[in-house]
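The chain contents come next:
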Amino acid sequence: MTTQVAPAAAPGPLGDPGAAAGRRSLTNLRRARDLAGVVPFTSYVLLGLVLPMGAILIGAFRKPVSGSFTLHNLHIASHGIYLHGFATSMELSLIASVVPGILGFLIAYAIFTARRGSVLRRVAITASGVFANFGGVPLAFLFIATLGNTGLATQWLTDIGFNPYNSGFDLYGLGGVALVYMYFQIPIMVLVILPAFEGLRPAWREAAQNMGARSWQYWRYVGVPVLAPSVLGATLLLFGSAFSAYATAEALTSGTIPLTSIQIGSFLNGNVLAGQQDVGFALGLGMVVIIAVVMLVYVCLQRRAARWLR
Amino acid sequence: MTANVTKAAGPPQAPGGARHEAGVRVVISQLTRTFGSLRALDGLSLEMAPGEFVALLGPSGCGKTTALRILAGFETADSGSVTVNGADVSPVPAARRDMGMVFQSYSLFPNMSALDNVGFGLRMRRLPTAERRQRAAELLDMVGLTGHARHYPHQLSGGQQQRVALARALAIEPKVLLLDEPLSALDAKVRLQLREQIRSVQQRLGTTTLFVTHDQEEALSMADRVGVMKDGKLEQIAVPDQLYARPATAFVAEFVGTMNRIPGELSGTGQVRALDTLVPVHGERPADGTGTVDVLVRPEGLKIDAVPGGNGIVTDRAFLGSVSRISVRLSGDVTVKVDHPSAAAGQFAPGESVQISLPGVAPVLVTQRR
Amino acid sequence: MAAVTDAGPASPPARVASAPAARRRRSLPVWRWIILLGAGIYFLIPLYAALRFSGFGTFGQVFSQTGFSDALILSVKLALVTTVLTLVLMVPTTIYVHLRLPRIRPLLESITILPIVIPPVVLILGVLDVSPPSLKGTPYLLALVYVILAMPFAYRSLDAGLRSLDLKTLVDASNSLGAGWPVTLWRVILPNLRTAVLSATVLTVALVLGEFTMASLDQYQTFPVWIVNFDQTSGPVSVAASLFALFVTWIFLLAITMMGGRTARRIGGGQVDLVSVAHQETGDSR
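Chains as they are written, first to last, in numbering that gives the first Met the number 0: chain A, 0 to 309; chain B, 0 to 369; chain C, 0 to 285.
Hints are supplied without guarantee of correctness; some may be wrong.
[Unchecked claim] Listed below are the simulated DMTMM-like cross-link pairs for lysine to aspartate or glutamate, each with C-alpha atoms no more than 25 angstroms apart in a straight line:
| # | chain 1 | residue 1 | chain 2 | residue 2 |
| --- | --- | --- | --- | --- |
| 1 | A | K62 | C | D217 |
| 2 | B | K174 | B | E46 |
| 3 | B | K336 | B | E299 |
| 4 | A | K62 | C | D128 |
[Stated by the list, open to error] Going by beta-carbon spacing under 10 angstroms, a handful of chain A positions derived as facing chain B:
| # | residue |
| --- | --- |
| 5 | E197 |
| 6 | R200 |
| 7 | W203 |
| 8 | A206 |
| 9 | A207 |
| 10 | N209 |
| 11 | A212 |
| 12 | R213 |
| 13 | Q216 |
| 14 | W218 |
| 15 | Y220 |
| 16 | V221 |
To be clear, the hints were calculated from the coordinates, so they are not data collected in a lab.
Beta carbons: idealized from backbone N, C-alpha and C, even for Gly.
Please put together the full structure from these sequences, using the hints given.
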């Protein structure tokens, strides 16, 4: 295919419009050819991500069997046990993000103030990296061995005279699941927030001192405000992580507590009521929307933090 | 090494009168500080007159920053004392010393606007908000940044940030102003502008100031007196022209301005023979007793004549404005640079034979042969 | 849901610790030790409990249980396929974008954040809905989906590795010396990306070996699925198998990190970072 360049008139002071148009179409051609390089990637993403998501979107509004548009699925997904599921999931995610957030912050601060290169510091950082990697299923079983009905720690505590199960604790209930989540949430918080601490320039602290500020004043006016976006952002991340978690909860509870992710899973296992086959899609849609909102706020906070901690 | 100390001359007359009472007198005496095996300060002593602008000049590692930080209270000396108006400040924590410090870079609080940054010290001193804002605005005006009061540090250029940092340090009406290489991170043009601004503000306020830098041009152009430091000690402290014209040691001579090194022979009577001339020796002779030394002389201290069969060949001629710097290679692989008025420098083209000579009157420094 | 952090901001060289700061730090130690010790105990107890619970004898038994080797082999096969697919897809794409379409990079970055926004549980729901029965009949459907899960982490590793190179200059130099594209790719670019590729591989393998959600819902018995199912038969064996899984992943990560560290020092690439690995795990084994 040849690109026709318009016959050149005598070039005016602004150059030759015909040739310019020719150049533009050449550039477009080149750009199209360049974009061809990312075709494999985009096709894979389309097939593997966009297509399934499209299915979810359609399924959420689809009436089972007949295939017509309906809001029924959404209605069911936002009431009754499914509403309960969303609420419980949010409650769990809140606990499993705020608490590890605070604890992780304190641990990160402890690491940060340790002398550089000291054993304590290196061990703590490596340990965080390792424990952040402990996966859902193995972790669940570890905790069953620890705090299950016949777990080791349960026995220890009973020996001291305090059986946690008698005081309402249940590893297989909400509190227990939250406790297990913390095992990997805390190290993640530490690893995410440590760079933020490192971003606190010593010059700020010294400048504050120089201006007459005492330690608490430095933290109040400079330290905390500067760290706040990162801390908030990290907590949001933990929230999203806890909200979408499935494996740990499933391995622990086998579906006994109403969690949105577990409920979606049961749709795939075939435990559905007739006429409600597509409610799972609505639930999925709801989950994605919630997490998308969380991620959006996170990205904004990240940008603010990056600007300040530059 | 004898430290050539000239008495502080006192501040120059501040135009328009000093805005505050005259500055404080600072006396640093025999400061030592060791970090592990490194001797950062080795008996540093320095006196600053009220309102004086003193620059500490030296290569990195010479201890100048350590001295500044000890004065500010961020470090403590192993021994020695620091007094302000006669009172010992060592027991006073940094937050109470009432000294304003300008750091090298990125010291503005990122979460506050320029105005709030400047007003921070005032907030610590519990000034009521309205007064604080007004004073901060005045200071921003003094450094020419009124329009940027609401901007955040990341929205300001490097030069603007340092001006805000200066305003912030001055807002608290400090007894002493400390500047830790504040211009090093800026580009050349901005540096020049800021130099003038810092100097004029300081003169207006009459604050005793200590300025640390490794850039000799900066030190010489800004300060009332310049102290050259090496290995934790003061080699010489003097007014800029003295430092340039009468360097006390070879180190100072070569650190400040350009110096030529010419081989010479000591001649018993406090003289040295170089370039076939007998010249008096200024200052100490090197410890090495042998007669061979290097003679240090400035480019403008040499005489150059276009002469066939002379003692040197021109290798390069650099136009520097009213003066040109001519590089000449002498026998024995010695290269010297000679300054000559540009109008008459045309005859010294590369390859030309010239005669380099020493006008015999002015005393020169000698040092060990390298 | 994974945490994707950016590399921390470059900070000016740390000043020599000033005396007052040192005093401040020295006055904290008790406080600091209490926190870190407390954390240490919390994290180590479950490991110890698991060891006691399953008993040392059980470890030997684990390998001989029904389904163990099949499940493990399946997981390993899936890990292999996923890794190869991911690398084949992501390496050329990232290199290409860095070279030819640098302006698309932000867009690419946003796309690779997408799998993080979509929980695996939801993704598998959609995938199973649109997949033809032929695909659903093979466990390798999982491998295809795992590529999507691994994408963000692979991209981040490769992107970081590429950013530390001056890619354009290297390629121009190679071309000017007469090398064609395949040679340039193989001898110039890839060797310099060794650490990044290693990092991406580690992340992908760890992801697949630990992935439970999709595998169980797609009803294939990979290793994690086997562990959960076997709990019905024998709790201690499941616990022992869990420890085994953790230990293996762990050793694997550490070994690769150390190898990566050494290579990085020679070649000067990025570091295989346990942090990014951490974010990996939040991906979907939870």
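Each hint, compared with the structure:
For the proposed pair K62/A and D217/C, the alpha carbon gap of about 24 angstroms is at most 25 angstroms, so the pair holds. Distance check on the hinted pair: K174/B and E46/B sit about 15 angstroms apart at the alpha-carbon level, within 25 angstroms; holds. Using a Cα cut-off of 25 angstroms, the hinted pair K336/B and E299/B holds, with the two alpha carbons roughly 9 angstroms apart. The suggested pairing of K62/A with D128/C holds, with an alpha-carbon distance near 15 angstroms, which does not exceed 25 angstroms.
Interface restraint check for E197/A: the shortest CB-CB distance to chain B comes to about 14 angstroms, outside 10 angstroms, so the restraint is violated. Against a cut-off of 10 angstroms between C-beta atoms, the interface hint on R200/A holds, since the closest Cβ of chain B lies about 6 angstroms away. Of the supplied interface hints, the one on W203/A holds, with its beta-carbon coming within about 6 angstroms of a beta-carbon of chain B, less than 10 angstroms. The closest approach between the C-beta of A206/A and any C-beta of chain B is roughly 5 angstroms, which is under the 10 angstroms cut-off, so the hint is satisfied.
A hinted interface residue such as A207/A counts as satisfied when its beta carbon comes closer than 10 angstroms to some beta carbon of chain B; here the least separation is about 7 angstroms, so the hint holds. This hint holds: N209/A has a C-beta 5 angstroms from the nearest C-beta of chain B, less than the 10 angstroms allowed. With its C-beta approaching chain B no nearer than about 5 angstroms, A212/A sits inside the 10 angstroms limit, and its interface hint holds. With a least beta-carbon distance of about 6 angstroms to chain B, the hint placing R213/A at the interface is held under the 10 angstroms criterion.
Of the supplied interface hints, the one on Q216/A holds, with its beta-carbon coming within about 7 angstroms of a beta-carbon of chain B, less than 10 angstroms. The restraint placing W218/A at the interface with chain B is violated, with a minimum CB-CB distance near 12 angstroms, outside the 10 angstroms limit. The criterion of a C-beta within 10 angstroms of any C-beta in chain B is met by Y220/A, whose closest approach is roughly 7 angstroms, and the hint holds. Contact between V221/A and chain B, as hinted, is supported at the beta carbon level, the nearest pair being about 5 angstroms apart and thus within 10 angstroms.
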